[in-house]
Amino acid sequence: MIEIRDVTETDYMEWLRLFDLYLQFYNSSLPEEVKKSTFYRSLDYNVPMWSAIAISSETGRPIGLVNYLRHVSTWSTQDKIYMNDLYVDESQRLQGVDTGGLLVYIDQ
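Here this note's numbering is used: the first residue of the sequence shown is 681, the next is one more, and so on.
By construction, these hints were calculated from the structure, which means they are not laboratory data. Treat the hints with care, since some could be wrong.
Claimed, not checked - Between beta-carbon pairs, the in silico distance windows are: (1) S737 - E713: 32 to 40 Å; (2) M693 - T757: 21 to 29 Å; (3) D700 - S756: 32 to 40 Å; (4) M681 - M763: 18 to 26 Å; (5) Q758 - D700: 28 to 36 Å; (6) E738 - Y692: 30 to 38 Å; (7) Y706 - K760: 20 to 28 Å; (8) D724 - Q788: 18 to 26 Å; (9) L703 - Y762: 31 to 39 Å; (10) E713 - R685: 24 to 32 Å; (11) L701 - G740: 27 to 35 Å.
By construction, the Cβ of each residue, glycine as well, lies at the ideal position given by its N, Cα and C atoms.
Given these sequences and hints, build the entire structure.
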């Protein structure tokens, strides 16, 4: 069982750990200021961007993250959700953390 919730300011170090693993997976890197800005923008109510984490019920530690934003669409009168980043810890993959957890959460 996993818990999915929006990040809070106290989640920064765990979010950063997962985001760095995500970047490594794609052989990418970002300056620290960009990563920090991304996290704190997801906490800003004036910015239509969010971040959520999946927390293992066994360990109590975050095992996945999703960063997403809302944008207008030329194909609809309603805003759309755009998933920017999705990462699940390698040891937790193929257990539904992404499709049954994080993606369902952002579709609410």
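Now the hints, each set against the structure:
A beta carbon spacing of about 34 Å between S737 and E713 agrees with the range 32 to 40 Å that was offered as a hint. At roughly 40 Å, the beta carbons of M693 and T757 sit outside the given window of 21 to 29 Å. Checking the proposed 32 to 40 Å range against D700 and S756 shows it holds: the Cβ atoms sit about 35 Å from each other. Checking the proposed 18 to 26 Å range against M681 and M763 shows it holds: the Cβ atoms sit about 23 Å from each other.
For the pair Q758 and D700, the supplied restraint of 28 to 36 Å holds, since their beta-carbon distance comes to about 34 Å. Restraint check, E738 to Y692: a C-beta distance of roughly 23 Å breaks the suggested window 30 to 38 Å. Y706 and K760 have their C-beta atoms about 23 Å apart, which keeps the hinted 20 to 28 Å range intact. Checking the proposed 18 to 26 Å range against D724 and Q788 shows it holds: the Cβ atoms sit about 20 Å from each other.
A hinted range of 31 to 39 Å for the beta carbons of L703 and Y762 is inconsistent with their spacing of about 19 Å. One distance hint, 24 to 32 Å for the beta-carbon pair E713 and R685, holds here, with the actual separation near 26 Å. For the hinted restraint 27 to 35 Å between L701 and G740, the CB-CB distance of approximately 18 Å leaves it violated.
Consistency with the previously given hints fails for numbers 2, 6, 9 and 11, ordered from lowest to highest.
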